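A.B. asks: Chains S and W are the protein sequences, given in the same order. Going by the numbering used here, the letters in the first sequence line up with residues 689 to 1110, in that order. Going by the numbering used here, the letters in the second sequence line up with residues 689 to 1110, in that order.
Among these hints, one or two may not hold up.
One copy or two, either will do: identical chains are not told apart, so a pair holds if it fits within one copy or between any two.
Pairs of lysine-lysine residues, derived as DSBU-like cross-links and limited to a Cα-Cα distance of at most 30 angstroms, are as follows [claimed, not checked]:
id, residue 1, residue 2
1, 1013, 892
2, 1057, 965
3, 1057, 815
4, 1021, 965
5, 1046, 965
6, 965, 813
7, 815, 965
8, 965, 1049
9, 1046, 958
10, 1013, 998
11, 714, 1090
12, 813, 885
These aren't lab readings, by the way, just hints derived from the structure by calculation. These figures come from a predicted structure and were not determined experimentally.
There are 2 protein chains.
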Amino acid sequence: MKLTDLSADELNTRQSELLSAYTQFKEARLSLDLTRGKPCAEQLDLSNDLDGILEGFFLLQNGTDVRNYGGILGVPEARQMGADILGLQPAQVMVGGNSSLTLMYNMIAHMAPQWDAEAREINSKVKFLCPVPGYDRHFTICESFDIEMINVDLLSTGPDMTVIENLLAQDPMIKGIWCVPKYSNPTGHTYDEETVKRFAQLGKIAGRNFRIMWDNAYVAHHLTDNPARLHDLMDESMQAGTEDNLVMLASTSKITFAGAGISFLGTSEKTLAAFEKFLTPQVIGFDKVNQLRHVRFLQDGGNLAEHMNKHRTLLGPKFEMVQNKLQEALGDKGIAEWTRPEGGYFISLDTLPGIASKVIKFASDAGVKLTPAGATYPYGMDPENRNIRIAPTFPSLTDLEKALNVLVVCLELASADHLLSQ
Amino acid sequence: MKLTDLSADELNTRQSELLSAYTQFKEARLSLDLTRGKPCAEQLDLSNDLDGILEGFFLLQNGTDVRNYGGILGVPEARQMGADILGLQPAQVMVGGNSSLTLMYNMIAHMAPQWDAEAREINSKVKFLCPVPGYDRHFTICESFDIEMINVDLLSTGPDMTVIENLLAQDPMIKGIWCVPKYSNPTGHTYDEETVKRFAQLGKIAGRNFRIMWDNAYVAHHLTDNPARLHDLMDESMQAGTEDNLVMLASTSKITFAGAGISFLGTSEKTLAAFEKFLTPQVIGFDKVNQLRHVRFLQDGGNLAEHMNKHRTLLGPKFEMVQNKLQEALGDKGIAEWTRPEGGYFISLDTLPGIASKVIKFASDAGVKLTPAGATYPYGMDPENRNIRIAPTFPSLTDLEKALNVLVVCLELASADHLLSQ
Chain S
689 MKLTDLSADE LNTRQSELLS AYTQFKEARL SLDLTRGKPC AEQLDLSNDL DGILEGFFLL
749 QNGTDVRNYG GILGVPEARQ MGADILGLQP AQVMVGGNSS LTLMYNMIAH MAPQWDAEAR
809 EINSKVKFLC PVPGYDRHFT ICESFDIEMI NVDLLSTGPD MTVIENLLAQ DPMIKGIWCV
869 PKYSNPTGHT YDEETVKRFA QLGKIAGRNF RIMWDNAYVA HHLTDNPARL HDLMDESMQA
929 GTEDNLVMLA STSKITFAGA GISFLGTSEK TLAAFEKFLT PQVIGFDKVN QLRHVRFLQD
989 GGNLAEHMNK HRTLLGPKFE MVQNKLQEAL GDKGIAEWTR PEGGYFISLD TLPGIASKVI
1049 KFASDAGVKL TPAGATYPYG MDPENRNIRI APTFPSLTDL EKALNVLVVC LELASADHLL
1109 SQ
Chain W
689 MKLTDLSADE LNTRQSELLS AYTQFKEARL SLDLTRGKPC AEQLDLSNDL DGILEGFFLL
749 QNGTDVRNYG GILGVPEARQ MGADILGLQP AQVMVGGNSS LTLMYNMIAH MAPQWDAEAR
809 EINSKVKFLC PVPGYDRHFT ICESFDIEMI NVDLLSTGPD MTVIENLLAQ DPMIKGIWCV
869 PKYSNPTGHT YDEETVKRFA QLGKIAGRNF RIMWDNAYVA HHLTDNPARL HDLMDESMQA
929 GTEDNLVMLA STSKITFAGA GISFLGTSEK TLAAFEKFLT PQVIGFDKVN QLRHVRFLQD
989 GGNLAEHMNK HRTLLGPKFE MVQNKLQEAL GDKGIAEWTR PEGGYFISLD TLPGIASKVI
1049 KFASDAGVKL TPAGATYPYG MDPENRNIRI APTFPSLTDL EKALNVLVVC LELASADHLL
1109 SQ
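Given only the sequences and the hints, what does the whole structure look like? Please build it.
C.D. replies: See below:
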């Protein structure tokens, strides 16, 4: 029954029940963590063979010794793998170190002086569009370059393209947009074909210095038998002549080791050449030994899919647990909505407006850490204070269940408090 | 006999002999490379056990799983190793990815906005002191941040400190200095105790935003039984209260794998905390798996010294070959001076003024690549056009001998041409 349909008395009674349950949780002195999208140890174990896989063979097919200096764009074999993952040509792909975030940061650092020069000319500020809810580390990069962020709603089909097109037409200082187009962080939505097609046209409105930061972090991270298909933005962009605007990213952080994988950046050959020039003063080359390890380990598309299926076997039950727990406890109460991702690392949970921070505080006081309120929004400001990101991958199934038991009680309790105070 | 003491006739005869030898070299169609300070394959082989050394054990002593995200300053065990190498406390050291150059670049990127703000205030430019000859990649970092470079002579005792102290006293916009204090690139000189002591005082003249970039790239790279001892600059700096000015760098690039080692940055805890804050938006953490590999492989000081001795066994004969060849062919001719490094990766060779680029061109035309003329100077401009950097580590002993045979003939031929044209 909906909480909003209860009489004041019934609601008071329910509040007391919840408070009693909550007090018990507090007394249990739990210490559980649903904050970050980290793989669990069992997932990491899947890739233990990476270390030692080279067996003393360090030469590429072209004779290059990966142990020595050089080659800023990465080894050909790894560029091919990145191209396969991103749906690009190897010449459009570079392979970086253990962090695609670093590649993103550097792409912004590379463009920022040009953007700033434009902004000074018209006495304005550089701006970025941020589909929300989104990924906090994208927003932090903008903050560190003093780039103003503009929220755009993320719909189940992708960002609201009409809003985006209108904003770009009005303001020439909007220089980029952050996207997680597949199994989006945190909602799990995958952009639909029409959205992707409209993305390919944005460069025509926004100009040559506009960058679509297409962070395909969960490109291979399916949770179903019929994985979502993301339409090919590079193909559309090349047809539209906007490929220089497109920067695709991916990494093996959630395929092999989260702290020791390899990263990929894909874009037009022109944009890649300019980016290589920007990187040259800061590095002689990324870790090619680790690139070769990954090539050997994930060798071809078949191996990758097989490997990702093992992840799915570990993660599927956790995502299912979240759905079941939420449905069971909150399904008929009219106080929460949540997404049902078919891949990725998160579930996005919306509370009644105005109480997300309270729910998170309640949970924290009962020993269950959740991602801070607002973290999925630029400047940490969720304008409706209702979004909570659930990261179910790291804890064990048992701990996850305990944490969810606490979360649903906290959410209902905060909702009851809220309704009673109105 | 000195070339300058020859009569014109004798010099003409010698020129003919040299030209004939040179023509023979050209006909041999050699393809040899003395350009970059790369380890040779046999050196890299010394560290092949790195891959696979973890044998499935990925946990630190404190229980951290190195395969997962987090820990931007590096794993405690590796920070301890960096501290041992740099002569610091672990709390003063962070461990980065495969490139200390990236750490240097980021330190400059971190400071640049503050420096630029100061420069704008007094309508000046940010400047750096560059002991010359020096390392081209240091200079490239300055160029990429539009930092003006000022040459300072590198003496056999280290940079000319009197010049440095005077320049700093005159110009508040000199914000840093590049140093390779031990077995300097390319001269091989190690700064003496008095020089190091004077370095500790520089912060008092130059102010709190001044940075000594103390690139200790060859800290463990000895070629003799009694290795040069570099006086402890951190100790001196802490006594002088200038430790925030000091940034020490090192890496295992020339200890293990040149493209896949780990890097260290050491400084005061205050400067390190500010730098960590700067790094946070661009990376979640560096490759901790590779850090742990290196800890296991080089475990303690004894292991490192033993390991470096194996390098010495491979490199010693090459450095000896250079000395012997140069001495044999040029020792009595008064047309060249060169250094006799007791460690490091290079020999610095000075020709008669004005002809280094010609020697390098001659050698290149005969199939022997040398580091481009001027590369050891800011902006690629050797004001006297006389410095040539010899990098003997990468080629085999046989190839090195061939290349040196060509080099000495090119040098004497260019000298004879030069003397005859005067």
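A.B. asks: Tell me the numbers of any earlier hints that the structure contravenes, in ascending order.
C.D. replies: Checked against the structure, the hints that fail are numbers 1, 3, 4 and 9, while the rest are satisfied.
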